[in-house]
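**Q** Starting from the given sequences, assemble the full structure and let the hints guide the process.
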Amino acid sequence: MELSLWQSPMKPGQTRTLRALIPAINQIGRIELTARQYETVRLPEKPSRLLRIETQTTLADGQTLTGTLWTDPAGDILKEHNRELDLVSFRASKQMALEASAAARYDLLADLFVPVKRRLEEPYRSRRIRYRVRLSGDDPARVFPSSPTQTVRSTGPETAEVVVVAAGPKRLDQLPQATQPPGQAEREPNSIIQSDDATIRRLAAEAVGQLGDPCEQVLALEGFVHRFVEVDYSQAFASAVDVASTRRGDCSEHAVLLAALARAVGIPARVVVGLIYTEGSKGPGFAYHMWNQVYVEGRWVPLDATLALGGTGAARLAIAHHSLEGASALSCFLPVARVAGQLEIEILDAQ
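The numbering of the sequence shown is our numbering, which starts it at 1367 and goes up by one.
Hint data in this document are derived by calculation from the structure and do not stem from the laboratory.
Calculated lysine to any residue pairs in the SDA-like style (CA-CA distance at most 25 angstroms, straight line):
#, residue 1, residue 2
1, K1483, S1647
2, K1483, V1509
3, K1536, Q1546
4, K1536, P1489
5, K1483, A1706
6, K1445, N1392
7, K1445, W1372
8, K1412, T1434
9, K1648, L1673
10, K1648, Q1708
11, K1460, P1439
12, K1536, S1513
DEER-style ranges, computed between Cβ atoms:
#, residue 1, residue 2, range
13, S1520, R1484, 19 to 25 angstroms
14, T1383, R1508, 19 to 25 angstroms
15, V1407, G1379, 14 to 20 angstroms
16, S1455, R1496, 36 to 42 angstroms
17, E1487, A1458, 47 to 53 angstroms
18, F1456, G1707, 19 to 25 angstroms
19, E1572, R1614, 15 to 21 angstroms
20, R1614, D1579, 27 to 33 angstroms
21, Q1403, D1505, 27 to 33 angstroms
22, A1458, G1522, 39 to 45 angstroms
23, E1487, R1593, 25 to 31 angstroms
All C-beta atoms, glycine included, are put in the ideal place defined by N, C-alpha and C.
**A** This is the structure:
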């Protein structure tokens, strides 16, 4: 995109479509540029008259990213705003960039926290919770998908009612047959879920032992990962093989390893990203979380190895699921990141 703007600076009213690599998620995206008008923009050194260019990037999986660029007449980008993450960046001199300052940071675990007023008793054993969610600038029904455990009903342009119910391998009769059975992506190994690795296969065999029933197997795998991995929030997003080696990680590492072990014993599995109820120094609220779904007896069944309670309670909101296949694996975080700072959650009733 930068090269295109340098070679041929845009003028007000022009549009342009490009294909480019999006480095942060390692995907090719279709970028649509729409040049507006010149406007005065405040920059770190002094205000400048810059051309405002609206951007919309469409990824291979259909997700979209929107933002704004401000360029000078030569096509140099001097300011950029990422709307989903609400991040602003400026072009700076080397001296300015190296000056000591309170560095900006973005930590999905720490920054995506949605406070709620109501405390839940035994939240992870809750059976049914009804929520009202409000998403600034978007329809929550487009962000929070309906599923056998989560029903979403739009109640306005920016509001929706969400009902979540508990589920797990011990309550299969409460789950309907899946309308979308697993594909190869949920069955086969990939660069993050290396279910064909010798260590992963050994751990999977150790976890299930002589168990032959798939429901008993996935419960055993959930408990095994819970005991095997020590909670450590300093870890980056690690692959299953890395987790098997370090035995450390947060919810993401628990989910990645559980998916790998399940696939290693022939059970399709994927990860789910969303929000889970938690309490801490900020009080009660919802924070980023990753858990799993495994395919058992024609149903997608939820598991959470960070808790190992034999399934999932209702104190969570799912946003997306992903096989973590291929170069697009990191895009699984985008649907969660895009609600940061834009979401309000109200607990209406809980059982």
